[in-house]
Structures are given as structure tokens and as C-alpha cells.
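S.K.: Each chain is listed here by its residues.
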Amino acid sequence: MSARKIPLRLAVFGAALLLLLFFSNDFGLIDIQKTSIVTAVAIDAGEEGIDVTVQIAVPKSGSTAASNVTVKNAATMMDAIAELNLKTGWYPTLVHCRLILLGEEAAKDNVFDHIDYFLRSQFVEDTCLVALCRGRAEKALSAQSPVGDMTYAAIEKVLSSEAQQTGLVSVNILREFSKGYFGAGESSFLPLLTVREGAETGGSDAGSGDANAGGSGGAGSSGGKAVFEASETALFLRGKQVATLGAEETLAFNLADTDTDLAYGNVTVTERGEPVIYSLKMRIGKKLLKVRAEGEIPVLCFSIRARAQVADVNRAGSAHEVAQSSIVPESVLRAAEETFRARLSDAFSKAKESGCDLFGVCASLQRFYPKLWKKLGKEALALTKPVYDIQFDTMH
Amino acid sequence: MEKKKNSTAFTGGAEENAKLLKDLLPAQDILVYRFATADAKPCAAVFTDGITDKQLLGELAARPLSLAPAPKTREEAEQMLLFPELRRADDAQTAAKEVLSGNPALFIDGVTGAIILGTKKVTLRAVMEPQTSITVKGPREGFIEDVKTNMSLVRRRLITPDLRFEMLTLGKRSGTAVCIAYLHGIADERLVQRICEKLKRVETDGISDSSYVAQFLSSAPASPFKQVGTTEKPDVLCAKMLEGRVGILCDGSPIALTLPYMMSEDFQSAQDYFVSPARATVNRILRLFAVLVAIFLPALYVAAQLFRLQLLPFGLLMTVSGGIQGIPLSPSLEIFFLLLVLEILIEASVRMPKYVALALSVIGALVLGDTAVKAGLVSSPAIIIIALSGISAYTVPDLTGTLSLVRLAYIVAAGSIGTYGIVLLTGFLLYYLICADEWGVPLLAPFSPLVPHDLRDSLYKADIWALNERPNVFRPKNRVRLRKKETT
Amino acid sequence: MKLCVRQICFLFAAILPVTRLLVYPATLTFWAKNDLLFSAALSFLLEGTAVASVLFAASRTQKTLFQLLEENFGTLAARAVYLLFALFFAFSAFLPILEQRGFVLQVFYENVPSFLSFLPFFLVSLFACTKGLRSIGRAADLALPVFVLCFGILFLMAVTEGDYTALLPLFSAGTDILRGGAFGLPWYAGGAYMLFFLGNFRYEKGAAGKIMLAYAAGAAAVLAFLAAFYAIFSDIALLQQNAVAHLSKYATAFTSLGRIDLFFVFALTLVLLFALCIPLQLSVHCICAAFSCKTTLPALAVNALLLVLTLLFNQSYLEIQTLITQKLWIVFAVFAVLLPYVSVFLRRKEKKMLPKGEKYERT
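Protein chains in written order, with our numbering: chain A, 1 to 396; chain B, 1001 to 1488; chain C, 2001 to 2363.
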């Protein structure tokens, strides 16, 4: 064999090998026909270990249905996934998993005991939404959406970036949640999902590996319709839930620290001796969260500039008033400032008391005042003094 | 050799010479036309029936000779004959070649040797628009099978003494005329020399078409990639020659070859030069996109289904997943067999008569496509993918054959090792292509090696004033091809 | 056939930066944390000065390293040095091969694929090795547009997602910055590459400036990438092996199209393939120069060696990475940094400089 022909012959050999692989089509690959596409995972604390429910997308002609499968008492997430594979015969792929739902009980221990699986695996996107759920996550994932969506899709809409922009929900993805957990403050937050009104389960309560068609959009569901709400926010310290922000505090938190740029909120003003509720549409012009050091005291400055417009008032207005909705009375603006200052203060206090570094004080100190951070360490949050600079102006 | 030549030299009278020649050419279609001059000296014309214009032979050779006394010398005879094209042959070998080409050999008693009369008559098809490169705007002439006609088509467009034709005869038995055309002062004459030398070294029985010549000129004839450019249009050949390329015309073939060849040529169409540069650029980018779709789409579809579902957005994944339910074949085999069916349909429709081909395409589209989907043999997305890929490949007709093979290779690579197989095969092909430069110009020029000057007529088509210089990649002797005249 | 200055520029601007986008960012984070930019800059500085010193040598001679060594120390010594470099290049390719294996198996597949999937790489590299140095230059010509387009898009998709204050406070890692710089040297063999381009490219006036500018552009691209990487992942940056595959997935502009960034990552893998072939090609080049033989057999030998090593250490990436980056980085410091500096001191005759703008033989 001449040396010149060796690469050619090797190439021919390689091509032959490829053809063999191609036609045999049996070299351990798991193709689309053997894969179940997991869209959401619910994790609950079990009696021994964890209960994991996955929602699998099932293609039907012209639409997609869902099927929930539950594995009970798995030692680890990996165990649960392996058991799913074993029981259903389908290899679950998590690349399209968009939602991780944590049960309330699960959040009493460090949730990273379980969800670090998603960080270890390269085959799960850390862009997926993470939320805490009142009650069992499995039940929430089995609830049926009134608009016929798959459950995960309905929850995903509630936790969408559009919802975040209006300040109603504090959305978090796995990457940000993990960054908070591994960060200086070891703190993070998750939206707290509540299933409202007639949210009866339609999914599986069965034992290990039982697969039931259920959830939303699935045929044969016996449950009622459910609506999802995520206006509250759960605060986490070292992976455990330590406090909960109410809807108003969540809105204030969003106004101060997240991507919210257009929010709606109510302000109560006393007019002619009677309380009047103004619903304001607020456009956030500027928000700044800054940590500075005053001596050895960290100071957290909230600076918010917003423009407001009257969206509604709970008393009938004159034609003139209605026509001038874009002009907000001075008293309402000041009341709005005071209201949001109070709510933000509540949110900060709640976080501070629970030890959750919701506003990233520790991280800011670590970055901008490393010496002070070194000195104060974890005590920094407790010593932090908030300063509020909130100014509302009328939109026109 | 000399001895052999002497043994066939024409030494006798007309009858003896004609007999000598006829003995050399015993075929039945070689005829001898005998007549006499006014003073009864015998004359004989040996000719090939069917490719000689007998009427011309009679009118312009036999008639003047029969009305006058016999000429004494060949010069005198040539003056009597009214042919514009006359040659001489002193031996039977030379004369035989001419006779076989359609030019009769005329013997006159008392005149030494033979006079070759240019009365060749070949039935030719008319110059018409080639089927493979139809343009909406622009010249519609195409080459035909006669090299002389083809040369004339080139000459008509390049009325310059710099247009040179080097004639070669290839094929021991076919004696095919091959013409190497180039523009003196523009083309690299060392290249012309190399082409001539390479072709002269070829010893073959016969050449049926210019594609034989193309293979002789290729360093790797087994390669799926073209190494010689082709065109059926004289205007395209002339434009390429004006850029510094060398054209090769082959008798019996309507396809002219051009050298050096770059792959980017195939993305250019004659029409690009007759429309606005913006339109031409968009067209070229579309062609490139279509080629990428043709090659990569089926492979990526297979790889995505087998190895990387995330390549498909969720909605599409659900559609595909729904579509393939119950399909008995694996995704890779499904695409492979569909591609095979496509290739069979194309092959059959090319070979079939026009009207049957129409019916065949209906059968292919409806029966094989629609029914197969309904029967659950193949999925709708797979049909769409293959159809899209098949159609896309035809946006660059000169590359269609190559694309079919490459696409198949990509599907095998994707089906075996997934997207990484696609990357590896691309790497392999690129290494192959960037090092393929038999004629001094790499196939991937002007992209690799990068020749920035030439990019202006590659995927991007600059306006005519920006194309004032010939492509640098051909190292033309005279670089400027356009300049504005000074006006007074 | 010689390389041209443009192709070397493209090599430094487009091909070598890609090799630093996989495991390197996470490795740097492990040592230097938020100061990873300084560690990287240190490595760039070392490599850059090595490249610059070879360019200085190139400006004074048209001879190859082999000829220079031959003139200074004799043929035997020249052969010995070339053989040592052949070994070095083969060795320097080992970690990137394992790195790319990990990258391929994680980014190109969703389920645990067969290791066989990666092996065809050696067929491609074998083919590339038989093609000689000019294929490096021509591959660089193709790599630049691919890199500019894909890296540009990936970077643009990522750049707004990060919180760049995560890079603060500066110099907090202290001596770990130096450690990061030293342990990152296995990703910086450009100085050694340049040494073997000596005499294999035509030095023209201004070439050194162009090449150094291209080098700076490549370095800037990597530093920008590292900044965006740490800004996006900060405290979990360490977990992000194969950084380039993760950086751009957060862009929401193309959400409806799915992971569109993966297509650009795949295209960059092609550039990575070219980059991975370079040390192997240079290893073959060294063997061929030392023994005055054709490329086929050395190419087979080098690829077979690496194939065997890859098979042997298939499951030991972490151990190999630890060994090479933390213990054997000194080998890289010697071959890729120190020896290029030494090249300046090799005795040579003056050469006639070609005027700027003169056209050379096309490569």
C-alpha cells in the first residue's frame, strides 16, 4: 500500500463505518420516537425523599396535550428521572423543560438539595422558570387551565416577562435563583404560585410511576378549572423559604429592583373626609438601587422616579375629571409616594428580618466596599439602613 | 514512419492514386467519382458519402474540369477549381484523414498528389437557446456540436486579432478537433501551454464530448467536485475569456470548458450582468442560501431528531413529533429513502419523453408523496424538507450533481454522528477544497485564499464601473478592462 | 507555498481566540474569580510578546527556524529541536482534543452519546495534516468571516444580559491572578506557532504591526467574551463548562425560533476544528522537516498517537486538565513563550526587505 493512498483508504474505511452506523441505526441513540418531552417538573417533599411529577407534552393532530407522571419517594432527582424512564419506557428529555415548580413543604429544606440536579446537567436549560407553590406542586401541575392551555403553559403565562414588566409578579429563572444562592448574600426569591378557585386536581395522585393523562388540555380530566396567581413572592435564604412578600410588597419590590417599567397600583386618598381609591398607571422613568457606606454602616438607597396617570377612581368623576385622567392631583402623587415608600420599607424590613438579602446589599458591598464587606460579613444586612427617594410626577 | 509514408505517396496517375486511397479506406461509404477533362484525361474524386456536399463537388470541381483541358500542374488545377478552401495531400494517409472528415480528395491525371476540396457537409442543428442556461434577458444563442460553428460564435463576439485558437486533434480513432481559445495579452499563456501539453499527453481512442476533455484536465477525475468550468453560451465564454480564462471547444459537444475554474462561478448567472447590481447580489445570496438549504436542511433535520431535539423550537418539535408518530422508519432512514426516491424521480424524468415526464411528476408528487403520508409510511415534515432541499439544489444548475452527492453524504454523517458529523464533514470538504488548485487558482477563490479585489464579483456584484479591472486571481497580463475616455 | 501576512493575521484574530471560549473561562474563574480578565490579559501579554519577538526575528531573516538552527548549531541540533517541538505540538493538542471531546458530547448531543461520535475527528485531522502549512493559511481565510459573524452575533446576544459590576472589586484575587495566568498558558501556544511560520511567510514592511494588531483584536474579543461571561454567570461561572454554548441562550429576541444561538455555536465549532488541527499539522510539519519525509506517515503517526491517548484518557479530562494546567504549564512556558524569545538571538544574515504593497505569490 503506497503511503499516498493511506489517507484515502482510511477515509473510505471511515465512510464505510459511518454507513454501517447509519444503516444499523442502533448504537444506543435515543431519537425523537423514543423520547418524552418534559415541559415542567414539580418537586414535592415526600415521606422519604422527594415526589417528582413531570408534565410530558404529547403531540396530537393539530394540538399538544399533556400527560402527568409522578414518581414518589425518589432519593434524588436523577433517581426520579431514571424511574420515569423505567416505568414509562420513554426516555425523558428535559431540554424543553420550561418550569420547575417547588412544593411548599419542599421549600422548608434547602431546595438546592434537589434542584442542583438541573445545574449539574448540561441537558437542562437554566433559563427555565422556577416558582414556589402553595400546597403541593404536583396538584398545581395537575390543575386545568380555563383557557385550555397545557398547565405548564398557563403557569408560564402567569410568570411571563410581560407580567414581570407590569410589576405583578417577581419572576425568576434557574440561573438567577442559583446566582443568588451561591452569591455573597446566599439569598434569592421565587414567585409564590397559588392555584385559585375550583382548582381541583385532574392529575395523578397515584403511586410511583403511575402515569395518568391529566393536567390542562388533557382528555379525561375530571377536575375543575383553575386560575393561577403569583402576586406573592417567597424569600429564600440558603435555599430555604424564610419569608413571603404580599402582593403590595411584591409590587414595591418590582418597582425598585426588577425589570418592571409599567405598573398599576392603588392609592387611597381622603377627599372631602372620605377615602377615595385611585388606581394609578405608573411608568417608571428611573430606578436606582445603590449601596453606600456611611462610616461602617451600609446604606441602601432606593431611588425611584415614576410618572403616573389616573386609570380609575372608585367614585364617579365629572366629565372634566374624566377628560383629564392623565393629570394626577398633587395630593394623589404624594400619597402614592408615601404608599410605595411604606410598602418598600415593609418589603425591606421583612427581608432584613428574615436574613434574605433581597436587594443584593451583600453583593454590592462585596463589589464596591470590599473592606467593609470583609469586616461586616454576613452582619452587613442587619446593619443596613434604608434610604428612600421616591418621586412621582404626573404623566402630563 | 518515413518509410510507411513513402509507401503511400501518390506517385501514379489519377486512377492509381484513387485506388491506393480506396484501398486504404475500404468502407462502403467511401465512394470514387470518376470523370474526365475536356481533353479526356481521367480524374477521380474520393469522398465519403453523407458528409460531402456532392452538388458542390459536381458544380465547382467536375464541371470546370470537364469543360477545359487538363491542367498540367497542381497550381493550375487550383486556379480552375472555384473552392475557397483547398489543401494539398501528397500521401494517402493525409488524404484519408481529409476524406473521412468530409473533404474529397481530387486526383487529376498528370497532376501530382491530391487536391483536397473543402466541401465538407455536416448536418447541424440550428444555433438555439441552451436548455440548461435560460435567461430572461440577454443573448439566447447557445453552442452547437460543430466546433467550427462554435468558433465562429466566439469570433463574432471578439473581433480582435488577439483572439487565438489553438487546434488539437484528440482521439486516435475519433480524431476529434479540440480548440483552445484565449485572448492573447490577457490570458496567462503558460496556462494555455500547460493545457495543450496535458491534452497532448492523452492517448485515447475517442472523445465523445467535452466532458472527456474536462476529466483529462482534472487532477482528481473521481472527485465529486468540478475542476473545470462549463458553459453552453458563447456570450458567457467570451465574458470569461475577457476575464483571463481559457476556453476549450470540442467538436461534437455543445459545452465549452473554461479554465481556471472557481466554485463561485457557478453562483453567477449570465443574467446577473444584465440586471441591476443590487438585484444580482440578492440573486447570488439567494442562490447561496438555497445551496445551504439543499445541503444542510435534511441533515440538520435528521440530526435534530436523533441527537439534538433542542434545535427544533418547541412548537415545531411538537408538530414534527406528531407527524412521525407511527412511521415505521427511523428519522434518518426516512429521509435517506425519501432522498433516494427524489433522485430516482429526477433521473426518470430526465430520461423520459417530455409528456411522460409530466405524468411522472404528477405520480411522484401525488401518489408517492400524498399517499405515502396518508398511508403512514413517511411523515409530512420529511416530505417538505426533501422537497425544499430538492428544489433549492436547482437554483445552481451547474452544481446540482455535486449537491446531490454531498447532500447524501451529509445525511449519512448526520444520521450516524449527528450535528458534529455535519461539522466534521464540512471541515473535511473545506480542507479538500481549499487545497484543490490544479490550475493555479483554488476552487474556493476568491474566498480562500482571500482575494479582496475579486470579491466585488463573487457573492456581491458591484456596479460596472467598479469592475474596471479583471479578476486578480487569474494573474491577467493586462489588468484594466474598463476606463472612461477623456472627453474634449 | 508560503503563507501570507493576512492569513497569519486571521489566525490570531479568528482561529486562536475560539480555543479560549470553552473550558478556559471556567478554569480562569476557578483561580482568579472576578479577576479573570487580568489573568487572561497576563497570558495574552506573555503570548503577545512571544509573537512579537518572532516577528522581530522574521523582519531580519527569511530563513525558517530549521535553517537558523542549522546555521547556529548544526543540522543534528536543528533536527533534535524540531523533534522536540513535534512532541510539544502533539502534546499541546491533547488537552484541547479532550476539551473538544467534552464540548462535543455535551453541546451536540442531548443524551449520553457513544464516544465513537467524536473519533471521526481524527480522520479530518489526518487529512488536514497531509495538506501542509498552506492549508492552515487558507483555513484562516475562511475562518475569519465565520468567526466575525458567529462570534459577533453570539456576543451581541449576550452582552446586554450581564451585570458587569460582578467583575468588581478589581485585583481581589491577589496572587491567584498570576496563578490563573500561568495555569492558563496551555491555551496560549501562539508563540510556538509563530516560530514555525518563520521563513514560511513573506515578511513585508508593516507586517509586524498588522499581525500584532490582529493579535490585539483577537485578545480583545476573548477579553470581552470573558467579561460578558462573568457578568452573566458571576457566582455560578465556575459551573459553566463550554462557556460559548451557554452565553447567548438568554437573548429573548429569537425565543420563538428556539435555541438559534446553537447554530452559531456549531459554526464556531468549525473554526474550532481548524484550530485543533493546527498543532497536529505543525507537529507533522516538524517531523517532515526533521526527517525530510513526506507528510503521510508522520500524519498517521501523530494522529494515531493522539487517538490512542484520547481513548486511554477518555474519562479523565479533569485529571489531565489538572496535570497539564497546574503541573505541566511550565512546558508551555518554555516552548511557547521562552523559546520564541530566544529566536531573536539566533545568528542570521540580513535580508532585503520587500517594499510595502508589493504583491506576492498567492497562497
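Quick caveat, the hints were computed from the structure, so don't treat them as lab data.
The structure presented is a predicted model; accordingly, all values stated were derived computationally and were not measured.
Cβ atoms here follow ideal geometry from the backbone N, Cα and C, with glycine treated the same way.
Hints are supplied without guarantee of correctness; some may be wrong.
[What the hints assert, rightly or not] As a list, the in silico DSS-like pairs of lysine-lysine whose alpha-carbon atoms are at most 25 Å apart:
#, chain 1, residue 1, chain 2, residue 2
1, B, LYS1137, B, LYS1022
2, A, LYS60, B, LYS1198
3, B, LYS1374, A, LYS34
4, A, LYS240, A, LYS352
5, C, LYS2063, B, LYS1477
6, B, LYS1137, B, LYS1097
7, A, LYS290, A, LYS225
8, B, LYS1148, B, LYS1120
9, B, LYS1054, B, LYS1137
[As the list claims (entries may be wrong)] Heads up, incomplete: computed chain A residues facing chain B, CB under 8 Å, no partners named:
#, residue
10, LEU18
11, LEU21
12, LYS352
13, GLY355
S.K.: Would you mind confirming whether the straight-line C-alpha gap from LYS1137/B to LYS1022/B stays at or under 25 Å?
M.R.: Roughly 53 Å separates the two Cα atoms, so the pair is violated.
S.K.: Given the hint that LYS60/A pairs with LYS1198/B, test it: the Cα-Cα distance must not exceed 25 Å.
M.R.: Since the Cα atoms of LYS60/A and LYS1198/B sit roughly 64 Å apart, the hinted pair is violated (cutoff 25 Å).
S.K.: For the pair supplied as a hint, LYS1137/B and LYS1097/B, is the alpha-carbon distance within the 25 Å limit?
M.R.: Given pair LYS1137/B, LYS1097/B is violated - Cα atoms ~43 Å apart, limit 25 Å.
S.K.: Is LYS290/A within 25 Å of LYS225/A, Cα to Cα?
M.R.: violated, 44 Å
S.K.: Is LYS1374/B close enough to LYS34/A, meaning Cα to Cα at most 25 Å?
M.R.: Distance ~22 Å between LYS1374/B and LYS34/A Cα, so the pair holds.
S.K.: Going by Cβ atoms only, is LEU18/A closer than 8 Å to chain B?
M.R.: At 5 Å from the nearest chain B Cβ, LEU18/A passes the 8 Å test, so the hint holds.
S.K.: With a cut-off of 8 Å on the beta carbons, see whether LEU21/A makes it to chain B.
M.R.: holds, 4 Å
S.K.: Can the restraint linking LYS1054/B and LYS1137/B be considered satisfied, given a maximum Cα separation of 25 Å?
M.R.: violated, 42 Å
S.K.: For the pair supplied as a hint, LYS2063/C and LYS1477/B, confirm whether the alpha-carbon distance does not exceed 25 Å.
M.R.: violated, 31 Å
S.K.: Compare the distance between the alpha carbons of LYS1148/B and LYS1120/B with 25 Å, and conclude whether the hinted pair is satisfied.
M.R.: holds, 12 Å
S.K.: Holds or violated: LYS240/A and LYS352/A, Cα atoms, limit 25 Å.
M.R.: holds, 15 Å
S.K.: Let's test the interface hint: is any C-beta of chain B closer than 8 Å to that of LYS352/A?
M.R.: violated, 40 Å
When the structure is compared with the earlier hints, violations turn up for hints 1, 2, 5, 6, 7, 9, 12 and 13 and for no others.
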